[in-house]
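Make a model of the complete structure from these sequences and hints.
2 protein chains.
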Amino acid sequence: MKLLIFEGIDGAGKTTIAKKLYEYLLNQGIPTTFYKEPHHDIPPNSSPFTQMLFFTASRSWLFENHIKPDLQQGKVVILDRSFISTLAYQCLLGGVDLTLTLELNKKILDDIKFYVFYLDLSPEIAYQRKPELDLETLEKLRNAYLQLLKGKAYIINASNELDKVFNSVKLIADEIVRASL
Amino acid sequence: MKLLIFEGIDGAGKTTIAKKLYEYLLNQGIPTTFYKEPHHDIPPNSSPFTQMLFFTASRSWLFENHIKPDLQQGKVVILDRSFISTLAYQCLLGGVDLTLTLELNKKILDDIKFYVFYLDLSPEIAYQRKPELDLETLEKLRNAYLQLLKGKAYIINASNELDKVFNSVKLIADEIVRASL
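Keeping their order, the protein sequence lines are chains A and B. Positions in the first sequence are counted from 1; adding 12 to them yields our numbering. Positions in the second sequence are counted from 1; adding 12 to them yields our numbering.
Rather than coming from a laboratory, the hints here were simulated on the basis of the structure. Take every hint as true, because none was put in to throw you off.
One copy or any two copies: either way a pair holds, since identical chains are not told apart in the list.
As a list, the in silico DSBU-like pairs of lysine-lysine whose alpha-carbon atoms are at most 35 Å apart:
(1) K118 x K164
(2) K31 x K142
(3) K119 x K48
(4) K118 x K162
(5) K32 x K152
(6) K162 x K119
(7) K176 x K164
(8) K87 x K119
(9) K80 x K48
(10) K164 x K142
(11) K31 x K80
(12) K80 x K152
Shown next as structure tokens:
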């Protein structure tokens, strides 16, 4: 039962690092699967509340049909974004009821133990990497993430170069995965 | 602000009657729109909880993008199934938390006044009309609907022939729509 969730603001390198870890673990002979949220398309012109519902519905489906069966088969599951993104984007930034959203998502996560890797990138560097993003929103998002994850996640400095970031993640992941054997 | 919702067990004739009323009102020169729930596809292999989330998400989108704007423009909106279906199927039959589902759906309906037409068909006749249905489930569904709608809906005897059923609906709808002018 090893669920590793990658979170971070846009541009932090979540997908790159999560996929690198996925390939690394497979190469080590460890049965591993990789998923990216949302698993279904979210219709355009959705308010934050409607987005929260669609993201949560899609997550519920993904957990039922893939993540829980994988975990039960003893696989390591790597997840690129999950409920913490919904809490940060739709609740803390979008104004959707946090308690209600947590209640729904707790029903999905159930008693699954999970480990969160927060790739912490400074909003300024994210903005340099992707100038189409809005700096003020990135700052609010980072604050939202840190508020939600304080003491509950591995905070990885994602401003470093890729190899260094991956190495930090790998060291922690190795330990988590080994502990399950 | 006239939202008319049609509910009933499978085979009760909801879509036929709702569309007939839609055409009748249009012919009377009354601006009317017709929608059917769910507005989006619900992925197969969804548990009742996941179904509830997808149905509610799709409803939230439909209300934001179509139903609320239509009502604000003074149109009559006819809706083939809505949140009462979710309460009956997913909650009372499927075991999903009714209070939580109501809380989500109240956020969608907001302060919109709505009128429910429950097309009441005996489970035996539904079963004769559609033998692929399960009689026991139909009985449970009818009980669920009557429990949810007691004193809150126009109960229409849908075992009668189509013209008679439509006439009952038309008389009530005429009164509701006239009251708004």
